[in-house]
Amino acid sequence: MAKRDYTNTKLAITGAIAGITMLTAGWLAAPSGSSTGSVAAASSDPSVAGSSTSSPTATPATTASSTKTTKSTTSAATSTKKSSRGS
Amino acid sequence: MNRYSSLIIVGIVAAMTGGLALRLNSTGHAAWYISRASGLAAFALLTGSVIFGLLISSKAADNSMSRLTVFTVHQFLSVLSLAFLAVHAGSLLFDGFFHFTVFDLFLPFAAPYKPFMVGLGVISAWLAAAVTGSFWARKYIGQKAWRKLHFASFGAFVLSWFHGITAGTDTSRLPVTMLYAVSMTTVMALLAYRISRARAKSAKATRVGVRVAA
Chain A
1 MAKRDYTNTK LAITGAIAGI TMLTAGWLAA PSGSSTGSVA AASSDPSVAG
51 SSTSSPTATP ATTASSTKTT KSTTSAATST KKSSRGS
Chain B
88 MNRYSSLIIV GIVAAMTGGL ALRLNSTGHA AWYISRASGL AAFALLTGSV
138 IFGLLISSKA ADNSMSRLTV FTVHQFLSVL SLAFLAVHAG SLLFDGFFHF
188 TVFDLFLPFA APYKPFMVGL GVISAWLAAA VTGSFWARKY IGQKAWRKLH
238 FASFGAFVLS WFHGITAGTD TSRLPVTMLY AVSMTTVMAL LAYRISRARA
288 KSAKATRVGV RVAA
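One line per chain: the protein sequences are A and B, in this order.
In case it helps, the working numbering puts the first sequence at residues 1 to 87.
In case it helps, the working numbering puts the second sequence at residues 88 to 301.
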């Protein structure tokens, strides 16, 4: 019996999962408070902080560079990085 | 599924990917988001692979699917999981926040972020790669060694689960929490079924042996 060729099915599944992954990435990048319209939650997310808040320290670039100039290997620096990424 | 529908799906995904990449790039953290999303995808695919592997060994799907189909899905999910794992780790190289090097990606406990928890992920990746690679090395290493090596997939699954929960930054999100909860529950339930089936089989073999001897 000839072995069935699953190439197209595999291609379609790969594409579908890649699409879902990209949608997930978009969902992760979206402001966490967007569904409720919370400005406070949205401003804590690095993806929106730069455009919506007046505080320059909230922008990811500034926070990142300031973190880099300090002790980047300490746990304190790590936690700073984490919080500024908006997780 | 014919070639045209596959191409349409790939086309849609390419368009979505392009659009989302542009959107993510505007945040300045595209690599970071892609790494997180592909990590979740890799974990889900690894879970799927383990589940299909357990369906083969426990024969739980024998009534609904052919063994060849189950095996093909199992093997395919393993390979796809590795591909997404490569994206998960590789995209960290382009992250402007944490400066991962190639060395950090391949060597456990060398990462600049949560070294121990990320190290578990690195070990899990190595185990997953070894198990997946063994599909093609089976005829060289023999059936017994292949089966033994396959047990490492449980190690890969558990370590990646711990890695995801402890090093991942999305564990508190409900869909992600659900993913971790459902994946572990399903694998453990199937594993329990597999063990109980194996015990029942060995008990039956013992009874038959006793009867024959008598």
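Be careful, since some hints might not be right.
When the alpha-carbon atoms are kept at most 30 Å apart in a straight line, the in silico DSSO-like pairs for lysine-lysine are as follows [said to hold, decoys possible]: (1) Lys146(B) - Lys288(B); (2) Lys201(B) - Lys10(A); (3) Lys291(B) - Lys10(A); (4) Lys288(B) - Lys10(A); (5) Lys291(B) - Lys146(B); (6) Lys146(B) - Lys201(B); (7) Lys201(B) - Lys291(B); (8) Lys291(B) - Lys231(B); (9) Lys201(B) - Lys288(B).
One side of the interface only, derived from the structure: several residues of chain B facing chain A at Cβ under 10 Å [to be verified]: (10) Ser145; (11) Asn150; (12) Val157; (13) Thr253; (14) Asp257; (15) Pro262.
These are computed hints drawn from the structure, not numbers from a lab.
The C-beta atom is built at its ideal place from N, Cα and C for all residues, glycine as well.
The hints, checked one at a time:
| no. | hint | verdict |
| --- | --- | --- |
| 1 | Lys146(B) - Lys288(B) | holds (12 Å) |
| 2 | Lys201(B) - Lys10(A) | violated (35 Å) |
| 3 | Lys291(B) - Lys10(A) | violated (40 Å) |
| 4 | Lys288(B) - Lys10(A) | violated (35 Å) |
| 5 | Lys291(B) - Lys146(B) | holds (17 Å) |
| 6 | Lys146(B) - Lys201(B) | violated (40 Å) |
| 7 | Lys201(B) - Lys291(B) | violated (49 Å) |
| 8 | Lys291(B) - Lys231(B) | holds (23 Å) |
| 9 | Lys201(B) - Lys288(B) | violated (45 Å) |
| 10 | Ser145 | violated (23 Å) |
| 11 | Asn150 | violated (20 Å) |
| 12 | Val157 | violated (13 Å) |
| 13 | Thr253 | violated (13 Å) |
| 14 | Asp257 | holds (6 Å) |
| 15 | Pro262 | holds (9 Å) |
Checked against the numbered hints above, the structure violates hints 2, 3, 4, 6, 7, 9, 10, 11, 12, 13; every other hint is satisfied.
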